[in-house]
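Asks: Letter by letter, the chains look like this.
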Amino acid sequence: MSANSKGRIMVVDDEASVLITYRLILEQQGYSVGAFSKSSEAIRALEEEDKYDLVLCDYSLEEQHTGFEVIAAARKRDDCVPAALLTGYATRETADEAASRKIVIMFKPIEIEEFLATTASMLKGEEECDQESGQKNTGTQTGT
Amino acid sequence: MQRRTPAAMRLLEAERSEAIFPILLEEIVALGHPRAMVLDVDFDTGEIAPSAALKWPRPQIGKFSTQIWSPDNPIAGVLNSAHPAAFPKTSLHNRPLYVHPIFYSNNAVCWEAERVRSANCLAVQNARREKRVRLEEQTCATCEMRAYASIIVVELGKNNTEAALAELSQIIELANRCLSRIFKVEHYYNRMRDMEITIAQMGTVMQSMADPVILTDTQNRVMMQNCAAERFFKVPDEMSEGLIRAVELNNMLFSAALSSMLVMGNDAHRDLTLVDAIEGEEMLFEAVSGPTYGPDGNQIGTVTVMRDVTDLRRADQELWLNYDKLREAEEMVRQDRDRLNLIIENVGDPIVVCNSAAKIVLTDPLAQELFGSSSPEVPRDALLVRNQSDFTNYISSFTFSFAERETAPLRIYNPAVKQTIEYDARSGKIFDERGQVSYTVTVLRDLTALRKVEQLKVERRMLEIEKFAATGRLAATIAHEVNNPMEAIKNAIYLLAGSVPESATPVYNILKSETERVARIVRQMLGLYRNTEQVKPVSVNTIVEDTLLILSRQLQRANIELLTRLRPLPDAIIAADQIRQVLSNLIINAKDAMPNGGRLHIRTRHIHGKDELRGIVQVLIADTGTGISPEMTRAIFEPFVTTKGEKGTGLGLWIVKGIIQNHAGKLSVRSRIGKGTVFKIDLPVVKS
Numbered sequence: 051m052s053a054n055s056k057g058r059i060m061v062v063d064d065e066a067s068v069l070i071t072y073r074l075i076l077e078q079q080g081y082s083v084g085a086f087s088k089s090s091e092a093i094r095a096l097e098e099e100d101k102y103d104l105v106l107c108d109y110s111l112e113e114q115h116t117g118f119e120v121i122a123a124a125r126k127r128d129d130c131v132p133a134a135l136l137t138g139y140a141t142r143e144t145a146d147e148a149a150s151r152k153i154v155i156m157f158k159p160i161e162i163e164e165f166l167a168t169t170a171s172m173l174k175g176e177e178e179c180d181q182e183s184g185q186k187n188t189g190t191q192t193g194t
Numbered sequence: 079m080q081r082r083t084p085a086a087m088r089l090l091e092a093e094r095s096e097a098i099f100p101i102l103l104e105e106i107v108a109l110g111h112p113r114a115m116v117l118d119v120d121f122d123t124g125e126i127a128p129s130a131a132l133k134w135p136r137p138q139i140g141k142f143s144t145q146i147w148s149p150d151n152p153i154a155g156v157l158n159s160a161h162p163a164a165f166p167k168t169s170l171h172n173r174p175l176y177v178h179p180i181f182y183s184n185n186a187v188c189w190e191a192e193r194v195r196s197a198n199c200l201a202v203q204n205a206r207r208e209k210r211v212r213l214e215e216q217t218c219a220t221c222e223m224r225a226y227a228s229i230i231v232v233e234l235g236k237n238n239t240e241a242a243l244a245e246l247s248q249i250i251e252l253a254n255r256c257l258s259r260i261f262k263v264e265h266y267y268n269r270m271r272d273m274e275i276t277i278a279q280m281g282t283v284m285q286s287m288a289d290p291v292i293l294t295d296t297q298n299r300v301m302m303q304n305c306a307a308e309r310f311f312k313v314p315d316e317m318s319e320g321l322i323r324a325v326e327l328n329n330m331l332f333s334a335a336l337s338s339m340l341v342m343g344n345d346a347h348r349d350l351t352l353v354d355a356i357e358g359e360e361m362l363f364e365a366v367s368g369p370t371y372g373p374d375g376n377q378i379g380t381v382t383v384m385r386d387v388t389d390l391r392r393a394d395q396e397l398w399l400n401y402d403k404l405r406e407a408e409e410m411v412r413q414d415r416d417r418l419n420l421i422i423e424n425v426g427d428p429i430v431v432c433n434s435a436a437k438i439v440l441t442d443p444l445a446q447e448l449f450g451s452s453s454p455e456v457p458r459d460a461l462l463v464r465n466q467s468d469f470t471n472y473i474s475s476f477t478f479s480f481a482e483r484e485t486a487p488l489r490i491y492n493p494a495v496k497q498t499i500e501y502d503a504r505s506g507k508i509f510d511e512r513g514q515v516s517y518t519v520t521v522l523r524d525l526t527a528l529r530k531v532e533q534l535k536v537e538r539r540m541l542e543i544e545k546f547a548a549t550g551r552l553a554a555t556i557a558h559e560v561n562n563p564m565e566a567i568k569n570a571i572y573l574l575a576g577s578v579p580e581s582a583t584p585v586y587n588i589l590k591s592e593t594e595r596v597a598r599i600v601r602q603m604l605g606l607y608r609n610t611e612q613v614k615p616v617s618v619n620t621i622v623e624d625t626l627l628i629l630s631r632q633l634q635r636a637n638i639e640l641l642t643r644l645r646p647l648p649d650a651i652i653a654a655d656q657i658r659q660v661l662s663n664l665i666i667n668a669k670d671a672m673p674n675g676g677r678l679h680i681r682t683r684h685i686h687g688k689d690e691l692r693g694i695v696q697v698l699i700a701d702t703g704t705g706i707s708p709e710m711t712r713a714i715f716e717p718f719v720t721t722k723g724e725k726g727t728g729l730g731l732w733i734v735k736g737i738i739q740n741h742a743g744k745l746s747v748r749s750r751i752g753k754g755t756v757f758k759i760d761l762p763v764v765k766s
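Taken in sequence, the protein lines are chains F and R. Heads up, the first sequence is in our numbering, so the first residue is 51 and it goes up one at a time. Heads up, the second sequence is in our numbering, so the first residue is 79 and it goes up one at a time.
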């Protein structure tokens, strides 16, 4: 169960119970997880700590903050880093913006198998991106 | 005396009238008179002209010709006086003359007068001189004999004594008596000859008649008949059983008819059917009989004229037949008219008929409410008069337009609802045989009710859209609020897997499956409102194929035979993911409807629009499953309605409908219990 060998994942969600269960599930799979309930804390962590291999972020965060801000901070450090927005509902504008930034949208409620499969494939894509050109190619669509 | 006897004898011996005057003239001269002549009177012309003369020089004879009414002529005078006279010397002759008129006269009445027992005989009247002899009346009133009148003129000799004149008069009178007798006989002979001619003529007339004419005696025995009658009643020379029987039958029928007609009296008519002995056809006759009388006034027989009315009857029958047909046709026309009137009365819309001058000539009761009665006695409401003028303005422009029919809006005040209403005026023209407008017919349709219905439809649709949107918003809010806690619960359950004691495993499984069910509901509710996907032109066939690729394993396992027929389609501008969701929902439903397997038909086709620009892409998804009851069919598109019990969320078809409506498409369903269900999707496409 080497955490470092499978990858380091940042999870951001303003609902504590959701955040904890995500963390536990991911840790069960052997990932190293950094869990944050506020965007400000997550952004600070991204600036100060080691880099994350994947950012999974709730869309609507505390006080009108959005997941885009967190992801933008992560991309500032590593423009190849794969990112996904977790949300129950997305407007057309949100979806368009995510697509243009190559951000995956995962709709809650998420089948856990699907959630884990997407996570794994995103991490795999990151390696390819790094190896090829530094530009990250995320999957455009989650499965139904 | 010796001389006189021979003279009388000679006259008596004369057997013809023309022999009398020569004997008379000879006997006069024999009496010692130098010369004598006879002048004949023609009552037709009024001429008096010499007809015989003895010893009279020819040039002098002509002088004696004269006229009955010559006033100064002595001869005419003697004739008019009807008495003999002697003249010593006249302008006619320079010697003394004896002039003696003679008229047809007998002492006994002639046979005709005797037969009819009449005393009115001219000969007797002339002989008796009962009345003055009138020249203009010299025709017998009884036998119509035209009497003769002559004048004997004698030049007197030296012996012109009284006795000599008497002797002369005597011999002339004697001659006249002989002449009258012979004249009478000759007259009756002539009459007989004339009658024979008349009888012959009558016979010819009778024979030449095409209709049978029969003269019968009082015992109904045939006395005379013409050729036409012989055809039916005379036994033919060429003997044959049939002919004889036919003739016998005809005679019997005729006798019977005759007897019955005699009973009926004068001028009896009777129909009689006879058999044509030669042709063997039956012929219908109308027999007219009349009695014939003898000279004594007694009936001696009956004349029957028969008219062949076979053709007449046939024509008559045909006439009746035609008359009946005509009446039938008339009846039909009447019924048609009544039916038309019934229709017009029940159209429920005002109808106005105008003539070519745009004047209202006919209105139904509804139109009368708008325009008033067309009869001039009824006083008119000012508003109705205005209606009328508005209508007339409209209809005259239509009447003089080139359009044969027209639909135009027309605002008319309706007194029943006390407001102006917009009518749909539909007008048509009726043309006469020359192609001129003779009438226009206008039906006014009150569109208020129709508009109301339309309005209601729109409102209902709006309401439905609103409802859908509201429901959607509500669902989204709830789902969002439920979503996060549920996400945590679901994750927690997942994390507990493996660490649940065996005794708690059934409870854990319930927890897990029910949570998954709630998650599914929330996911589907939100799915409809995730407008994450851009619309772009794509072939529906591709989406069908993609969907089937994913679901084919499932269908196979369910023992379902898949039959597709995908026709070439134009690209439709759609959200591919949403349509994929629609298709997979419908296919999964179809699969669930066939628990024991079956056939699933999926067909697509392009339906061309009218204008080549628009069209429809149609998708049919048909299963051979259990089917949906009609009551259910109406409800299945409502949220939370499911036929699958616990298994279904009741949202699938609601979402499908929402997606199709978002695409401006149509979704319909047809189903029969035990037979299967067909879903039809119509998506509009526009040609680029």
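Where hints are given, some of them may not hold.
Claimed, not checked - 35 Å max Cα-Cα, derived DSBU-like pairs, lysine-lysine:
hint : chain 1 : residue 1 : chain 2 : residue 2
1    : R       : Lys590    : F       : Lys88
2    : F       : Lys56     : R       : Lys590
3    : F       : Lys126    : R       : Lys614
4    : R       : Lys614    : F       : Lys174
5    : F       : Lys101    : F       : Lys174
6    : R       : Lys688    : F       : Lys174
7    : R       : Lys403    : R       : Lys507
8    : F       : Lys174    : F       : Lys126
9    : R       : Lys312    : R       : Lys403
10   : R       : Lys312    : R       : Lys133
11   : R       : Lys530    : R       : Lys753
12   : R       : Lys236    : R       : Lys141
13   : R       : Lys262    : R       : Lys312
14   : R       : Lys530    : R       : Lys669
15   : F       : Lys126    : F       : Lys101
16   : R       : Lys590    : F       : Lys152
17   : R       : Lys688    : R       : Lys614
18   : R       : Lys688    : R       : Lys535
19   : F       : Lys152    : F       : Lys88
20   : R       : Lys614    : F       : Lys152
21   : R       : Lys753    : R       : Lys535
FYI, nobody ran anything at the bench for these hints, they're computed from the structure.
Asks: Each hint needs a verdict: does it hold in this structure or not?
Replies: These are the hints, each one checked on the structure:
For the proposed pair lysine 590/R and lysine 88/F, the alpha carbon gap of about 30 Å is at most 35 Å, so the pair holds. A threshold of 35 Å between alpha carbons decides the hint, and for lysine 56/F with lysine 590/R the separation of about 28 Å falls inside it, so the pair holds. Restraint check for lysine 126/F and lysine 614/R: satisfied, since their Cα atoms lie roughly 33 Å apart, inside the 35 Å limit. The hinted pair formed by lysine 614/R and lysine 174/F meets the criterion: a straight-line CA distance of about 30 Å does not exceed 35 Å.
With a CA separation close to 16 Å, the supplied pair lysine 101/F and lysine 174/F stays within the 35 Å bound. With a C-alpha separation of about 53 Å, the suggested pair lysine 688/R and lysine 174/F falls outside the 35 Å cut-off, and the hint is violated. With a C-alpha separation of about 32 Å, the suggested pair lysine 403/R and lysine 507/R falls inside the 35 Å cut-off, and the hint holds. The suggested pairing of lysine 174/F with lysine 126/F holds, with an alpha-carbon distance near 20 Å, which does not exceed 35 Å.
For the proposed pair lysine 312/R and lysine 403/R, the alpha carbon gap of about 43 Å is over 35 Å, so the pair is violated. For the given pair, lysine 312/R sits about 68 Å from lysine 133/R by alpha-carbon distance, which is inconsistent with the 35 Å threshold. Between lysine 530/R and lysine 753/R the CA atoms are separated by roughly 40 Å; this puts the pair beyond 35 Å, and the hint is violated. Using a Cα cut-off of 35 Å, the hinted pair lysine 236/R and lysine 141/R holds, with the two alpha carbons roughly 23 Å apart.
In summary, the hint linking lysine 262/R to lysine 312/R is not supported, as the alpha carbons are separated by about 43 Å, beyond the 35 Å threshold. A threshold of 35 Å between alpha carbons decides the hint, and for lysine 530/R with lysine 669/R the separation of about 44 Å lies outside it, so the pair is violated. Pair hint lysine 126/F plus lysine 101/F holds up; C-alpha atoms about 11 Å apart against a cutoff of 35 Å. Simply put, lysine 590/R and lysine 152/F have alpha-carbon atoms about 34 Å apart, close enough for the 35 Å limit, and the pair holds.
Restraint check for lysine 688/R and lysine 614/R: the C-alpha separation of about 24 Å stays at or below 35 Å, so the hint holds. Of the supplied pair hints, the one linking lysine 688/R and lysine 535/R holds, its CA atoms being roughly 25 Å apart against a limit of 35 Å. For the suggested pair lysine 152/F and lysine 88/F, the alpha carbons sit about 23 Å apart, so the restraint of at most 35 Å is met. Our distance criterion of 35 Å between C-alpha atoms is met by lysine 614/R and lysine 152/F, whose separation comes to about 20 Å.
A C-alpha spacing of about 33 Å is found between lysine 753/R and lysine 535/R, which places the hinted pair at or below 35 Å, so the restraint holds.
Hints 6, 9, 10, 11, 13 and 14, counting from the list given before, are not met by this structure.
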